[in-house]
Amino acid sequence: SQTIHQWPATLVQPVGSPLSLECTVEGTSNPNLYWYRQAAGRGLQLLFYSVGIGQISSEVPQNLSASRPQDRQFILSSKKLLLSDSGFYLCAWGLWASGTQYFGPGTRLTVL
Amino acid sequence: AQKITQTQPGMFVQEKEAVTLDCTYDTSDQSYGLFWYKQPSSGEMIFLIYQGSYDEQNATEGRYSLNFQKARKSANLVISASQLGDSAMYFCAMRDGDSSYKLIFGSGTRLLVRP
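If you're matching them up, the sequences are chains F and U in order.
Using the working numbering, you'd call the opening residue of the first sequence number 1 and step up by one each time.
Using the working numbering, you'd call the opening residue of the second sequence number 1 and step up by one each time.
Hints listed in this document are in silico derivations from the structure and should not be mistaken for laboratory results.
Backbone N, C-alpha and C define an ideal beta-carbon position, used for all residues, glycine too.
Cross-link-like lysine to any residue pairs, in silico, SDA-like; alpha carbons within 20 Å at most:
hint, chain 1, residue 1, chain 2, residue 2
1, F, 79, F, 65
2, U, 102, F, 88
3, U, 16, U, 48
4, U, 3, F, 43
5, U, 3, U, 76
6, U, 102, F, 59
7, U, 70, U, 60
8, U, 102, F, 67
9, U, 102, U, 44
10, U, 3, F, 47
11, U, 102, F, 60
12, U, 3, U, 31
13, U, 70, F, 98
14, U, 102, F, 95
15, F, 80, F, 11
16, U, 3, F, 39
17, U, 3, F, 100
18, U, 16, U, 115
19, U, 102, F, 51
20, U, 73, U, 1
21, U, 3, U, 30
22, U, 102, F, 47
23, U, 3, U, 53
24, U, 102, F, 53
25, U, 102, F, 62
26, U, 3, F, 42
27, U, 3, F, 41
28, F, 79, F, 58
29, U, 102, F, 55
30, U, 16, U, 112
Rough simulated footprint, nothing fancy, chain F against chain U, three-plus residues with beta-carbon under 8 Å:
hint, stretch
31, 45-51
32, 105-115
Now the in silico label distances, taken between C-beta atoms and shown as ranges:
hint, chain 1, residue 1, chain 2, residue 2, range
33, F, 45, U, 10, 18 to 24 Å
34, F, 105, U, 112, 21 to 27 Å
35, F, 59, U, 85, 29 to 35 Å
36, U, 56, F, 41, 34 to 40 Å
37, F, 30, U, 20, 34 to 40 Å
38, U, 40, F, 77, 24 to 30 Å
39, U, 11, F, 29, 37 to 43 Å
40, U, 73, F, 55, 29 to 35 Å
Construct the complete structure from the given sequences, taking the supplied hints into account.
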């Protein structure tokens with residue numbers, strides 16, 4: 001069965017510091033991968049998605065970037081965090097046929 | 001542009017009763033998919049149920065069923081025999097027909113189950 005991992009679970013970072021969130025998937029090959037952000041009490045905002053190694057599409061212009069160095073690894077990064085980057089970050093992998101997405105446990109990021 | 005609307009910010013239901021969570025969508029595509037996810041207080045998004053636009057029968061998964069009314073562009077989630085563990089945020093989402101890659105989410109409905 002497929003499993004998706006995210007770490008860290010929680011993170012507190014100062015403004016201007018770098019960021020690296022990692023997501024890995026087990027039990028499937030060549031998945032679509034996604035990064036979402038959820039502000040407190042709000043819905044999900046798609047940040048990036050990837051349909052293959054090295055292929056990244058950005059949905060929202062911001063100071064974040066994503067990379068997919070391996071088939072089942074998806075990384076979200078920032079060189080300098082802003083206060084507005086605080087939120088709950090969710091990684092997901094998706095089925096090609098139906099588009100159903102399965103989510104990881106998430107990372108709660110607080111930028112101070 | 002595709003859009004998902006959930007008009008109920010919060011709902012209450014008595015334990016063991018059924019509840020319907022509303023979702024309407026807007027799309028000009030003929031092929032699309034509709035999803036419901038549950039988000040408990042832990043934050044994880046849990047996939048509940050899927051309905052394809054060409055599926056003639058309403059989708060069901062255990063106590064969850066999707067009341068799909070294509071002409072009205074609605075995809076309401078029905079939870080039967082509510083349990084205390086059903087208390088959570090519920091999100092409706094749509095996959096557009098142009099791409100199988102992206103989901104568009106509604107703003108969510110918070111469901112509280114009363115004992």
